[in-house]
Amino acid sequence: DIQMTQSPSTLSASVGDRVTITCRASQSIINWLAWYQQKPGKAPKLLIYKASSLESGVPSRFSGSGSGTEFSLTISSLQPDDFATYYCQQYNNYFTWTFGQGTKVEIK
Amino acid sequence: EVQLLESGGGSVQPGGSLRLSCAASGFTFSSYAMNWVRQAPGKGLEWVSSLSGSGGSTYYADFVKGRFTISRDNSKNTLYVQMNSLRVEDTAVYYCAKSRTGIADAFDIWGQGTMVTVSS
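Which chain is which? The protein sequence lines are A and B, in order.
Residue 7 in the working numbering sits at position 7 of the first sequence, and the numbers go up by one each step.
Residue 89 in the working numbering sits at position 89 of the second sequence, and the numbers go up by one each step.
Since the hints were made in silico from the structure, they are not lab data.
Please note that a few of the clues may not be correct.
[Claimed, not checked] Taking beta-carbon pairs under 7 Å as the criterion, some of the chain A residues facing chain B (in silico):
1) Ile-30
2) Ala-34
3) Ala-43
4) Pro-44
5) Tyr-49
6) Phe-62
7) Gly-66
8) Phe-83
9) Tyr-87
10) Tyr-91
11) Trp-97
12) Gln-101
[Claimed, not checked] Listed next, the in silico DSBU-like pairs over lysine-lysine satisfying Cα-Cα at most 35 Å (straight line):
13) A/Lys-42 - B/Lys-43
14) A/Lys-39 - A/Lys-108
15) A/Lys-104 - B/Lys-76
[Claimed, not checked] Every beta carbon over 12 Å from chain B, so not counted as near; a handful from chain A, in silico:
16) Leu-11
17) Gly-16
18) Thr-20
19) Ser-28
20) Lys-50
21) Ser-56
22) Ser-67
23) Gly-68
24) Ser-72
25) Leu-78
26) Gln-79
27) Pro-80
28) Lys-108
Beta carbons: idealized from backbone N, C-alpha and C, even for Gly.
Please construct the entire structure, taking both the sequences and the accompanying hints into account.
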């Protein structure tokens with residue numbers, strides 16, 4: 001099974017900061033990677049699919065990059081609404097879907 | 001408006017059964033694969049099961065194989081998961097989610113979740 005490892009687990013930042021979250025796959029997933037945002041008590045929200053494609057309606061301050069086993073989610077200028085937990089997810093042709101353990105972005 | 005609404009959660013004793021439902025609206029339900037994802041209290045997201053648009057292909061996480069059965073009724077725009085032999089560790093919020101395009105894809109629409117508690 002493919003394992004997904006996110007870092008850091010917690011990130012403290014201020015409004016306006018540029019923040020980057022990393023996700024590493026245990027084997028190549030090409031670019032079959034998504035990023036989700038989840039706020040307490042709410043369902044996850046898709047931000048990025050296929051490693052770098054921005055989901056419709058998601059602000060352009062969110063961007064994704066990477067391929068193979070190393071991926072990142074960047075928020076170019078952190079806004080108050082962005083304090084949340086972020087998850088990466090791999091989806092591949094082996095019909096298993098694996099999430100990373102999550103990264104909590106909190107106010108510094 | 002595209003919407004998913006789960007129901008059927010509740011409390012059950014270990015070894016018991018529950019059937020969750022997910023009513024879909026606002027899109028052509030039969031054209032999309034559907035999925036169940038769960039989240040134990042205070043923990044991360046965990047994929048549970050997926051089903052093709054026709055219902056002909058099903059996929060399960062190892063920890064539910066043989067205990068959970070995913071299905072759909074495209075005439076009722078509804079997704080189901082039958083959960084048998086429930087364990088304490090199955091306690092979680094269960095979300096249904098729509099695949100963005102094909103079955104091997106990200107999940108673009110999520111329901112609000114339904115809580116399942118397995119306890120004696």
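Going through the hints against the structure:
Taking 7 Å as the C-beta contact cut-off toward chain B, the hint placing A/Ile-30 at the interface is violated, the least distance being around 11 Å. Contact between A/Ala-34 and chain B, as hinted, is supported at the beta carbon level, the nearest pair being about 4 Å apart and thus within 7 Å. With 7 Å as the threshold, the beta carbon of A/Ala-43 comes within range of chain B, its nearest partner Cβ sitting at about 4 Å, so the hint holds. At a threshold of 7 Å, the smallest CB-CB gap from A/Pro-44 to chain B is about 6 Å, leaving the interface hint in force.
Because the closest C-beta pair between A/Tyr-49 and chain B is about 4 Å apart, less than 7 Å, the hint holds. The restraint placing A/Phe-62 at the interface with chain B is violated, with a minimum CB-CB distance near 14 Å, outside the 7 Å limit. About 15 Å separates the beta-carbon of A/Gly-66 from the nearest beta-carbon of chain B, more than 7 Å, and the hint is not met. Hint on A/Phe-83 is violated. Least Cβ distance to chain B is approximately 17 Å, over the 7 Å limit.
Evaluation of the A/Tyr-87 hint against chain B yields a held restraint, the C-beta minimum of about 5 Å falling below 7 Å. Interface hint at A/Tyr-91: satisfied, since its Cβ lies 5 Å from the closest Cβ of chain B, which is below the 7 Å cut-off. Below 7 Å, beta-carbon pairs count as interface contacts, and A/Trp-97 has one with chain B at about 4 Å; its hint therefore holds. Using the Cβ-Cβ criterion of 7 Å, the hint placing A/Gln-101 at the interface with chain B is satisfied: the shortest such distance is roughly 5 Å.
A hinted pair counts as satisfied when its Cα atoms are at most 35 Å apart, and A/Lys-42 with B/Lys-43 qualifies at roughly 14 Å. Note on A/Lys-39 and A/Lys-108: the hinted pairing holds, with a Cα-Cα distance of about 17 Å set against a maximum of 35 Å. Distance check on the hinted pair: A/Lys-104 and B/Lys-76 sit about 38 Å apart at the alpha-carbon level, beyond 35 Å; violated. Separation of A/Leu-11 from chain B is adequate, the least Cβ-Cβ distance of about 15 Å exceeding the 12 Å criterion.
Its beta-carbon lying about 28 Å from the closest one in chain B, A/Gly-16 satisfies the requirement of being farther than 12 Å from that chain. With a least beta-carbon separation of about 20 Å from chain B, A/Thr-20 lies farther than 12 Å from that chain, consistent with its non-interface assignment. In this structure A/Ser-28 is separated from chain B by more than 12 Å, as the shortest Cβ-Cβ distance comes to about 15 Å. Listed as a non-interface residue, A/Lys-50 fails to keep its Cβ farther than 12 Å from every Cβ of chain B; the least gap is roughly 8 Å.
Distance to chain B contradicts A/Ser-56 as a non-interface residue, since its nearest Cβ pair spans about 9 Å, not more than 12 Å. With 12 Å as the threshold on Cβ separation, the claim that A/Ser-67 sits away from chain B holds: the shortest Cβ distance comes to roughly 16 Å. A/Gly-68, annotated as away from the interface, keeps every beta carbon of chain B farther than 12 Å; the closest lies near 17 Å. Distance check for A/Ser-72 against chain B: the nearest CB is about 17 Å away, which clears 12 Å, and the non-interface claim stands.
Under the 12 Å C-beta cut-off, the non-interface status given to A/Leu-78 relative to chain B holds; the minimum distance is some 22 Å. A/Gln-79, annotated as away from the interface, keeps every beta carbon of chain B farther than 12 Å; the closest lies near 22 Å. At roughly 23 Å, the least C-beta separation between A/Pro-80 and chain B is larger than 12 Å, which holds for a residue marked as non-interface. Every CB of chain B lies more than 12 Å from the CB of A/Lys-108, the least distance being 23 Å, so the non-interface label holds.
Checked against the numbered hints above, the structure violates hints 1, 6, 7, 8, 15, 20 and 21; every other hint is satisfied.
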